[in-house]
Amino acid sequence: MASQVMTNLDPKSRAAAKGLSDLTIRNLFIIPTIAFLIIFNIFPLLYSLAYSFTDFRASTNAPANFVGLQNYRDLLSDPFIWKNFSITAKYVLISVTGQVLVGFGLAMLLNRSIPAKGLITTLLLLPMMLSMAVVGLFWKLLYDPNFGIINYFLGLDKFEWLADPDVALYAIAIVDIWMWAPFVMLLSLAGLSAVPKHLYEAAEIDRASGIYTFFRITLPLVAPILMIAIIFRTMEAFKTFDLAYVLSSQPTTELIAIRLYKMAFQEWQTGMSSAFAYIVLIMVVAITNIYVKYLNKVKAR
Amino acid sequence: MAGVRTPREILTNRVAIVAVFVALAIMLTPIYWIASTSFKPRNLATTIPPTVVFEPTVSPFVKLFTKRSQLREQPTQEEYDAAPWWEQMVFDGGEKVVRNRRSGEVTMSGYGDRFTNSLIISIVSTVLAVSMGTLTAYGFSRFKVAGEDDWLFFILSTRMLPPVVVAIPMFLMYRVVGLNDTHLGLIILYTAFNLSFAVWIMKGFIDEIPREYEEAALVDGYTRMQAFFKVVLPEALTGMAATAVFCFITAWNEYAFALIMTNRNAQTAPPYIPSQVGSGLPDWTVIAAGTLLFLIPVAIFTFLLRNHLLRGMSFGAIRK
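Residue numbers (the working numbering), protein chains in the order written: chain C, 1 to 301; chain A, 1001 to 1320.
Pulled out of the complex, with its shape left as it was, chain C reads as follows (with noise of 0.2 Å):
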């Protein structure tokens, strides 16, 4: 890609000799764009930035007081974050692992000739096109104790799984399994059908176990699309606040997200959650990056 040529920007190009030079073309395609989430994108996060070292709270007109870096320390000392972070690391670790068992389960079961195979891996994507606030909202109905319809399949009576506070994390992953076990499974597919045939027929001949099949030509070949996969959904996870909003309130499913937006938004703290903003700013931030180099290092396969 980066080795392609590029059209030189002479201005003295028969193009430019009559119409916008491809100088001011690039320039005016691509600076609204740059202008535009510069402003509607950096720009905020430099005035939280200044937030950050003040005692602001937007629900009252008090002036914001300069406080230095006190908003950082009392944060990284408060042992409640710590306990937002240790649930959000659960959370990410419980569903990300769920969704690559289920998703690459279901892609390997796919990965060979089935009737009406596209609209059926069409129909396994659909939950994750879905709205997660909207559509995790009707678990509620599905996870009801009392008539809920997974209490009944499983022959649970009475199981509480959103008002056990042990519980209530594990089913919100669920639901986020669920949504975006496909996507991992879209991924794989991808990975598996790239497999060269003639590696398997190579295996078969030699008589090759289907475990070492497996692990030595499936797996390291499905691997970095599988990582794409791993690395998005741990960033997405991370994230995580429709859905865990829209289903819990319990203390023990309070994921990092949700605490900020409790602290920004119901207790007014504005100048304390532009600091948490920043500090789970960076988390993303690194892992961004990460998922990045990975998508460019496959898009130079």
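Read the hints as simulated data drawn from the structure, not as lab findings.
There could be a bad hint or two in this list.
Stated by the list, open to error - Chain A is faced by these chain C residues, among others (derived, beta-carbon under 7 Å): (1) Gly-19; (2) Phe-40; (3) Asn-41; (4) Leu-106; (5) Phe-138; (6) Ala-257; (7) Leu-260; (8) Phe-265.
Stated by the list, open to error - Result set (DSSO-like, lysine-lysine): computed pairs, CA atoms no more than 30 Å apart in a straight line: (9) Lys-293(C) - Lys-1144(A); (10) Lys-197(C) - Lys-117(C); (11) Lys-297(C) - Lys-197(C); (12) Lys-293(C) - Lys-197(C); (13) Lys-297(C) - Lys-1144(A); (14) Lys-90(C) - Lys-262(C).
Every residue, glycine too, gets a C-beta built ideally from N, C-alpha and C.
We have chain C already, so just place chain A on it with the hints.
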């Protein structure tokens, strides 16, 4: 996998096919349950064992769009007979439709307005994001840009920001300029969010259009601008359509920004629907009806998009 198959392979294949159908049934059950609940009378929505076979009714949809109150006393036979069919349905459920005292007009619930808001905001932000994104993608695809990879990373990273993180300063800034709870406010946020995605995806599509096409047009005396609009754009149309559908779905489904930035005037359906559950015993048939109507556009679009899903979900990194 061609070739001779052992009985063992055939058996594995059959087991796999059965497993696929079982998985499909499980994955689609929640969606089926939404659809089925939205046609149930209220008393059948929460039964044990679950009601699967029932006589469908559209009363949840009637209730979805109207404001209702509990019936204090039964309507007289005359009142009942005079009411249109949909009002009788509400009577049957032990409620009555709220009407304006003077004009007798039916008071609508908030759903219709929220649905319209969702449509306006999603469509406008999609058009903006795709048009700007296509131009920018062309710029990056065809011209030398110093630090190109860094700019592209910057563009993508704006999409990865958690909504709540961006929402804190945006809320304060919007408050200053009066954009909180306005359509324009959400349109700007969704455009910014989708723009980065559109640039990445469209760059992939435009990279695939051979540059010889434009060069031939330039030789024929087109200006670069004409070559872009008359040669490149028609070739990029499929890609733009797929990108637009993705942007639409993202804006349509968005929850966090809408929850924080709107409360009434410009509120979209995603924050509205959960707000109707409230406390006590919610009427799940009405929620299901609202959810179903909200999901239908996305379901249709998913089918139209089916060949581009992989590309869209991987930001254009993986193509078929």
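| field | Hint numbers not upheld by this structure, sorted from lowest to highest | value | none
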